[in-house]
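Protein chains: 2
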Amino acid sequence: MNYSDWSPKDVRKLIRDGKIDYHTSGMCSGYAQANLVILPYSDAYDFLLFTQRNPKSCPILEVGDVGSKIIKSMADGADVSRDIPKYRIYKKGILQKEVTDVSELWQEDFVYFLIGCSFSFESELLASDIPVRHIEENKNVPMFITNIDCVPAGKFHGKMVVSMRPIPSSLVAKASAVTAQMPRVHGSPIHVGNPEAIGIKDISKPDFGDSVTINDGEIPVFWCCGVTPQSVVMSSKPEIAVTHAPGHMFITDVKNTSLKY
Amino acid sequence: MNYSDWSPKDVRKLIRDGKIDYHTSGMCSGYAQANLVILPYSDAYDFLLFTQRNPKSCPILEVGDVGSKIIKSMADGADVSRDIPKYRIYKKGILQKEVTDVSELWQEDFVYFLIGCSFSFESELLASDIPVRHIEENKNVPMFITNIDCVPAGKFHGKMVVSMRPIPSSLVAKASAVTAQMPRVHGSPIHVGNPEAIGIKDISKPDFGDSVTINDGEIPVFWCCGVTPQSVVMSSKPEIAVTHAPGHMFITDVKNTSLKY
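Protein sequence lines, in the order shown, are assigned to chains S and U. Numbering-wise, my numbering puts 206 at position 182 of the first sequence, and it's gapless, one number per residue. Numbering-wise, my numbering puts 116 at position 92 of the second sequence, and it's gapless, one number per residue.
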């Protein structure tokens, strides 16, 4: 079954009914997908401040009211506790289990954060005739832990994680310009070329995801990555945290193009 | 004395020493000036969330750590409790007094918020040969309370306040493009023409500031205004709040041009 031309609302209904419990890549073509972090209110101020201080790593799309499961601006009336195919539950930073519904364990003090995802700008790169290598090679994007410290906020601190896409030298400026228009999904690159300068020793050995081909005449271009907020949250060991499972995103009602600046 | 070509650091020293206690308009040409809101930590989450949900009205430049008076990213080591010429102290939303130093009444739970100011984009409009009428007429910018509800967050809610600049029809697109590059100082206009549509009954009678001339062939263009966060905070009646006095801004070490996107 291919859900690429389905509406977000219809796919979310299948997810809620338990009929889709796998990754959302390629579903609802043209619509933004989002990362999820849920924290208790006691950790929410520090995390919200962390996102404010690190907007390229943690571009917030929506923050729920305390205790509310209902999404307002990114999807009309969706339920953040049921409308994602797979969730991960962490206690003190340790993964406890994966589940397809967190409505039963919802707490009155839970606050959800929807965070922009680079899926949105990749579709814009492709629309601008800029190649996206890991899509060409049917792989996951290569991701690296850098030596760049995020700006800390309260209990949250850690190194910035970046994704890498090899871009032909002639298209680096265009790729920068296209993504600069989309600050809500990480925006422009954080670094171009010189992997060593940001602590990456071997560009062929990513810390997460897959290694991709870098052709002659291509420059590795680095963007901030949605793995940063998740890894920062986990390493700070909050009492409880809920996230989406990797690749199992929240599908919004908002078009990628409407996230342009 | 004209401080237009002085460095921010030197002018802040005079302010701290009590030698400047008047408005900062025209000082340290080219450097961004900022609005100030200080709240106790108990109100900080709701206010930070309000700014996140209303980024055009409340573009955050920096948020302090709880209890910290020291500014980090916007000015190296400045003291937010002493380096502003005049402060206003509010209790339960009612102005108590104006002072030139709040270091004595600083509370361990105070959190400061520096918020972008339209001074920064006005210098860019002028540099792009776009006229700014209230500067030409040596007046304060006209400001209006609209019928647009801000997105509420916790205890904070209220109507959006906008500033108005009349722009020749041929330059409206350019004025939009120039300010769109500066989202940290309110960004692009929120509304162009048709004052009635946002609840403004008489364009010659601003709610704050002065009325300015609108010539034939000019369109009233409306930008989000830094008065919004202050008025929203005051109307929510927090136990205590400290702000700058109008026109008595915090002068940062950051150039207006570096606030461009």
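Derived from the structure by calculation, the hints contain no laboratory data. From a predicted model like this one, the values you see are computed outputs, not experimental measurements. A few of these clues could be false.
Which copy is meant is left open, so a pair is good if it fits within one copy or across any two.
[Said to hold, decoys possible] List time: in silico SDA-like cross-link candidates among lysine to any residue, alpha-carbon distance up to 25 Å:
no., residue 1, residue 2
1, LYS96, PRO207
2, LYS163, GLN120
3, LYS261, SER228
4, LYS183, GLU148
5, LYS80, PRO207
6, LYS284, HIS215
7, LYS179, ASP103
8, LYS110, ASP234
9, LYS96, LYS225
10, LYS261, GLU160
Structure-based check of all given hints:
In the homo-oligomer, the alpha carbons of LYS96 and PRO207 lie at most 25 Å apart both inside one protomer (20 Å) and across protomers (23 Å), since each shortest distance falls under that limit. Taking the closest pair of Cα atoms, LYS163 and GLN120 never come within 25 Å of each other, the shortest separation being 27 Å inside a single copy and 62 Å across copies. For the identical chains of this complex, LYS261 and SER228 are neighbours neither inside a copy (30 Å) nor across copies (57 Å), given an alpha-carbon limit of 25 Å. With identical chains, the CA atoms of LYS183 and GLU148 are never at most 25 Å apart, being 27 Å at best within one copy and 35 Å at best between copies.
In this assembly of identical chains, the alpha carbons of LYS80 and PRO207 lie at most 25 Å apart whether taken from the same copy (7 Å) or from different copies (14 Å). In this assembly of identical chains, the alpha carbons of LYS284 and HIS215 lie at most 25 Å apart whether taken from the same copy (21 Å) or from different copies (18 Å). Taking the closest pair of Cα atoms, LYS179 and ASP103 come within 25 Å of each other only across two copies (24 Å); inside a single copy the shortest separation is 28 Å, beyond that limit. With identical chains, the CA atoms of LYS110 and ASP234 are at most 25 Å apart within one copy only, with a shortest distance of 22 Å there and 56 Å across copies.
When the C-alpha separation of LYS96 and LYS225 is checked against a cutoff of 25 Å, the pair qualifies neither within a copy, at 43 Å, nor between copies, at 31 Å. For the identical chains of this complex, LYS261 and GLU160 are neighbours neither inside a copy (37 Å) nor across copies (56 Å), given an alpha-carbon limit of 25 Å.
Hint compliance for this structure: hints 2, 3, 4, 9, 10 are not met, and every other hint is.
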